[in-house]
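Read top to bottom, the protein sequences are chains A and B. Residue numbers are given in this note's numbering: position 235 of the first sequence equals residue 1282, and the series is strictly consecutive. Residue numbers are given in this note's numbering: position 162 of the second sequence equals residue 172, and the series is strictly consecutive.
I should point out that these hints are in silico values taken from the structure, not numbers from a laboratory. Honestly, I wouldn't trust all of these hints.
Unchecked claim - Calculated pairs, DSBU-like style, for lysine-lysine (alpha carbon to alpha carbon, straight line, at most 30 Å):
#  : chain 1 : residue 1 : chain 2 : residue 2
1  : B       : 151       : B       : 212
2  : A       : 1268      : B       : 212
3  : A       : 1302      : B       : 166
4  : A       : 1268      : B       : 170
5  : B       : 231       : B       : 181
6  : B       : 181       : A       : 1302
7  : B       : 212       : A       : 1302
8  : A       : 1268      : B       : 166
9  : B       : 181       : A       : 1268
10 : B       : 231       : B       : 196
So you can see what is in the structure, the chains are spelled out below.
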Amino acid sequence: MFGPLQIAVDGIIRGVPVRLWLALVILAVGVLVAYGVMGVTSRLLDRIGVVETIEGTSFERTTNEFGTSTARIITQLSGAFTFLIAVFAAITVADLRFADLFWGGIAVFLPQLFIAIVILVAGVVIADKVELLVSERLRGIKLPEIGLIPLLAKYSVLFVAILIALSQIGVAVLALIVLLAAYALALIVFTALATHDLLASGTAGVYLLLNQPYSIGDEVKVGGQRGIVQEVDLFVTRIETDDEEHIIPNRTVLKDGIVRIQGR
Amino acid sequence: MTSLSDILADLVSDVDAVFLFSPNGSFYEQFDDIEDVVVIGAENTVEADTFVELPIPFADIQDRIKFGIEGAMDDDLVGDGDVVACIGSLFSDDADFASRVRVDETMRSGIYDLFTNSRADPAVISDVFEVALELGRKGQKGKPVGALFVVGDAGKVMNKSRPLSYNPFEKSHVHVGDPIVNVMLKEFSRLDGAFVISDSGKIVSAYRYLEPSAEGVDIPKGLGARHMAGGAITRDTNATSIVLSESDGLVRAFKGGQLILELDPEEY
């Protein structure tokens, strides 16, 4: 019994090329695979401890406010990406030539965009975590200006993440890289300048502690100061006379030399 | 039963300050409305504003209270003539005793001073105390041992002493409080002589024969040469001596040539 409707449906089915059916099947498989990838990703994130590590960072808290979480965002991203690949595969199979050029560009661009977004999210989370760690480390120091250092660390990490993300999607970042280099150089130069004395004393201190050319109780003369050695640590040597205690940086000890007085 | 609570009320009426000994968090919160609460304990777990740290958990409750009051006097929290209510735990972990103490200048026995105002770090002194107490408790292979630790002002102490043998701590960097050190000190205590420990806790030498002038040193009669040497060196230098007696097993601390503190290791 062939009704007119049946014939029409039959006609449509026959009219649609096999490629299109194949494309639809690929799309359906793509949806399933995407779900699978999402499940695997979320479990993987959980297993390698990402969820606990990023707990308490402000990015995580912000995402919580929007009723989601960093892990879920990553999971959804990976799902969407898998689905998009399926769409491309389907389109290729369906042989829709009219969009070849456009889709070709997108097919290259989208994975890059996906990686860029992941790098950005990871960058934000790492920056938050770095801020948290640094500020915890500095909590013992009661100084209002100390709050600047964790912020600086956070934005440094963020800057690098944005840089990598931008270069990933092909934006010209040369100027930003130059900026980063200048910033890093300034940081190194200033750190070297600021800790120059400490570093020099510290390396001298390592030598003094290892070889102990003089030890506690010796009477010595360093840089015109004569006294009894009371304490040698990494950075300074404490030398005491009857009513004065001289705290001499180890750098000076090594530079000027030390005179041991052999009284006994 | 009213008379019983009256007695308790009398104990705590018109006090100038309340001393809480190692209170737990919820117990401390009950004192939120009361001013002049001083917390005394090993650690400031309740984050109290006024806190006196106990360097060793004095077994004798009198020592504990005295130390707390001395510390509070030093920080100008209480003064001569003030009356203090002390609340702490004696048998259980909860607060189970209350005591009324009148603060008196004569209560300054120097115990607080011994820990906080010595040349060496307070942490170093309490570490040495712990070593000495453990040595006194366990002894060397079950037999009682004696030991003499001179803490702080190591340069001067070294100049007022001579080596009895090779110094096992030469060119080493061990500090009291390091985990291995207790064993090392226990082994080396078998030999005679003093341990010299620097202000920051570095063990400078063992086997030192102290040569201070013992003139005018006032230590109780009946104590031996070890105590005499330990007491005398603290008069000649700014060091603190912690002596474990071989004969009676007590740990004694000297400072400025005076016997400051006497502890029985068995109680810790």
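Check each numbered hint from earlier against the structure, then list the numbers of those it violates in ascending order.
5
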